[in-house]
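Peer 1: Below are the chains, spelled out letter by letter.
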Amino acid sequence: MNPPNLLLPDAGGLYCPAGDFWIDPLKPVDRAITTHAHADHARSGSGDYHTATDNLPVLATRIGEAAPHHGHDWGRPFDLGDVRVTLFPAGHIFGSSWVRIESDHGTWGVSGDFKRAPDPTCAAFRPAPVDVWLTECTFGLPVYRWPSPAQVVDEILDWWRECRAAGRPAVLFCYALGKAQRLLAELSRHADETVWLHGAMRPLVDAYREAGVEMLPTRLVSEAPKGVKFAGELVLAPPSAAGSTWMRRFPGHSAGFVSGWMRIRGNRRRRGYDRGFVMSDHADWPALLETVSDMGARRVITIHGNGEALAGYLRDQAMAAESWNLRASLGGS
Amino acid sequence: MQRFVALFESLDRTTKTNAKLEALVAYFRAAEPADAAWAVYFLTGQRLKRLVGTRELREWTAEFSGLPPWLVEDSYEHVGDLAETMALLAPEPGPATDTFALPRLHELVEAKIRPLSGMQDDARKASVFEQWRQLPVTARFLYNKMITGALRVGVSKRLVTRALAQLAGVDPGLTAHRLMGDWQPTPESYRSLLLAEGEGGHDHATPYPFFLASPLEDPPETLGPASQWRAEWKWDGIRAQLIRRSGETILWSRGEERLDGRFPEIEHAAAGLPDGTVIDGEIMAWRGQTPLPFSLLQTRIGRKKPGAKTLENAPAVLIAFDLLEVEGRDLRPRPLRERLELLLDVVEAAGPEVRTSEAVAFDDWNALPELRASSRARGVEGLMLKHVDSSYQVGRRRGDWWKWKVRPYTFDGVLLYAQPGHGRRSGLFTDYTFAVHAGDELVPVAKAYSGLKQAEIDELDRWIRNHTRERFGPVRSVEPMHVFELAFEGIARSKRHKSGIALRFPRIHRWRRDLAVDDADRLADLERLIGD
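From first to last, the protein sequence lines stand for chains A and B. The first sequence begins at 229 in our numbering and counts up one residue at a time. The second sequence begins at 4 in our numbering and counts up one residue at a time.
FYI, nobody ran anything at the bench for these hints, they're computed from the structure. None of these values were measured; they are calculated from a predicted model. For each residue, glycine too, the CB sits at the ideal point set by N, CA and C. Any given hint could turn out to be false.
[What the hints assert, rightly or not] Some chain B residues judged to face chain A by a derived CB distance under 10 Å, without partners named: (1) THR17; (2) VAL75; (3) LEU91; (4) LEU371.
[Stated by the list, open to error] Partial selection, computed: residues in chain B whose CB lies under 8 Å from chain A: (5) GLU12; (6) SER13; (7) LEU70; (8) PRO71; (9) ASP77; (10) SER78; (11) HIS81; (12) GLY83; (13) VAL329; (14) GLU330; (15) GLY430; (16) ILE511; (17) HIS512; (18) ARG515.
[Said to hold, decoys possible] Covered stretches of chain A (chain B as the covering partner; in silico rule of three or more C-beta atoms under 8 Å from a C-beta of chain B): (19) 364–371; (20) 490–497; (21) 538–551.
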């Protein structure tokens, strides 16, 4: 006989009635636990925010500080309502956590987003035993298997070198929070050139620098003197800049995109990138399975993304597994 | 195949045509002829047939990767390319194979791939598994492509032709000619592709590259004086080249398929033609003085040896509209008017199933729109406009030959089903089925997958995901809500379709956001267009 669910989908996130809080709600609520600062997890407008101490500066950069932000150290439990909450590092981006909730009805873990691959910008994922594991499933198909980050960094360096030899700008698209800083940190182990940034990247790069993350020196593209053609230079830009008039500053450029989605050839060709580099801040299929096993959970619930396949696969292995659609809890479209 | 893998990677890593051309030239310059011959073969879109079926490939992928078959299917639906899905699902070859040297391309194809067609099932599977265990991921992907079908890697046959022509230092038209017909991937054939102009010859069965008309977008008067132009009806049949050489008749389709035996009445009529004759024309179903609908000709296309009843129901003729060779002499550089005069003489020697058609007489451009408007009643697709002095060129060249088609039929249909596309559109719902009203029901009448802008595709994809009613494998049914205007070229009765009709070349014209489901057309509206 299963005890009642400690959490249920609500407001685009998860609601815990026993503790009267929401995890990563997309609509304003009274009390939110925020796993990390990406926009599909952290939204402004809630009354009260609980998050990892490390995440405070990044979260403030993203959603402002209109409401109180409470920082909690990893591994140090705190009580909300009738439950005891502990945050553990998730290895996703700087300051990211997964959430453990202990209650009379068992212990639940909520992943937020996570990865198991090494990342110089953030603390590694720390497993802890739970009864029920709510796992993200962004890349929940076995076709998603990541090469080692070291290998991908080598590929990026080779491409940058080729661009330099050909006198072309190397424009590398990546998400502005997490991936950009991870790349700057990885590259700083092999290079010392200044990298040019799209304006949208700057506040977050600054926040990481202030938090002590070592990265390559950066300058804003908008600060470059007029007429500079960026030949052989590396430029980081968010995917939204692709195809915009801003790109006219880089005549003859080669365009790369760093993302787990680049594992699939059609994804890259459809978006017209010359090069796709397979590096993700999410768990790949083997890491999703490995983590299920590391958490020792008796029941798995997939959230965020392609969850049906992973749940089905776990059920084939005689585990209790189901898929929850958090977005549907928003109602409407 | 180390070089071939590297070529694929450089082609795959750029969207720029010049960079692709450079990569091809560099590859062909360095590669051994035996390997380069196979590279030409695959890159120009040829394929080895009937080696491994896609169903087998899925089953074997499940077995090889140790994943349940349903998860392989889900993965395939997500990736949109079976060869790639397999390459991604199989474990990477372990360190034991690090010393494994990739086989030469021609060795792999000739010793490991071609023999698959004659093997028993178990032996074929063992052979494929052996390659899967050895080949690293990109080579494995290319291997999968070669055993299952065409290798499409973002280069056109035309670009490969340009690269080879550049290397040989000849006109691309000559290279295109050398590549026509049954080109064989042997080192000798490859070397002869690179010969200088005037060296080497063609096999007697080799067709000339077809000259293709471009669609006329501006009004015809922009073409200059009407007296310099010849108008012809645009026949709705199968474009074909008839070769009579060495006492043999060879019939080629524009897709470079040999049609020998399929149209015995045309071959019989052509037997009277003198040796060294090549005619360009259109195969039509024809009775008396009248063209028959394309749907009747369709009953002939698939039949390698048509029976008496088929021949009686859909008699075929070749409408000859150009002469490319006479007495073994290449006429293509000569002006059209001269070729046509010679054509009239030559065709005299053939039977009535090879015939010429008269020009469409018009005194000035003002007469043409009305003639074009009469196309449907005459059973033709519109008008062709050809400059009277035009040479017979290679491929689609703008300037001298134009097609001015009658405007297509259109109807408003309701989106009912969607499934993910393939290749560039993999992972997005881009293949749609549209329905019209029939009583209280919506009856599917057309599948279409082109004609929307990327932003519209993305928007529709999101909508489909959020409004799925049922799933049938990769296919989803959606709430009937969106109406689209679809264009099509022809309509015929069909027993194979629930609607009882089949549309020719349906495609999406535009998203009719202004229309509601009730505003969509009715089946009766479409049935009225059937001209029987």
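Peer 1: Of all the hints numbered above, which does this structure not satisfy? Sort the numbers upward.
Peer 2: Checked against the structure, the hints that fail are numbers 4, 5, 6, 13, 14, 16, 17 and 18, while the rest are satisfied.
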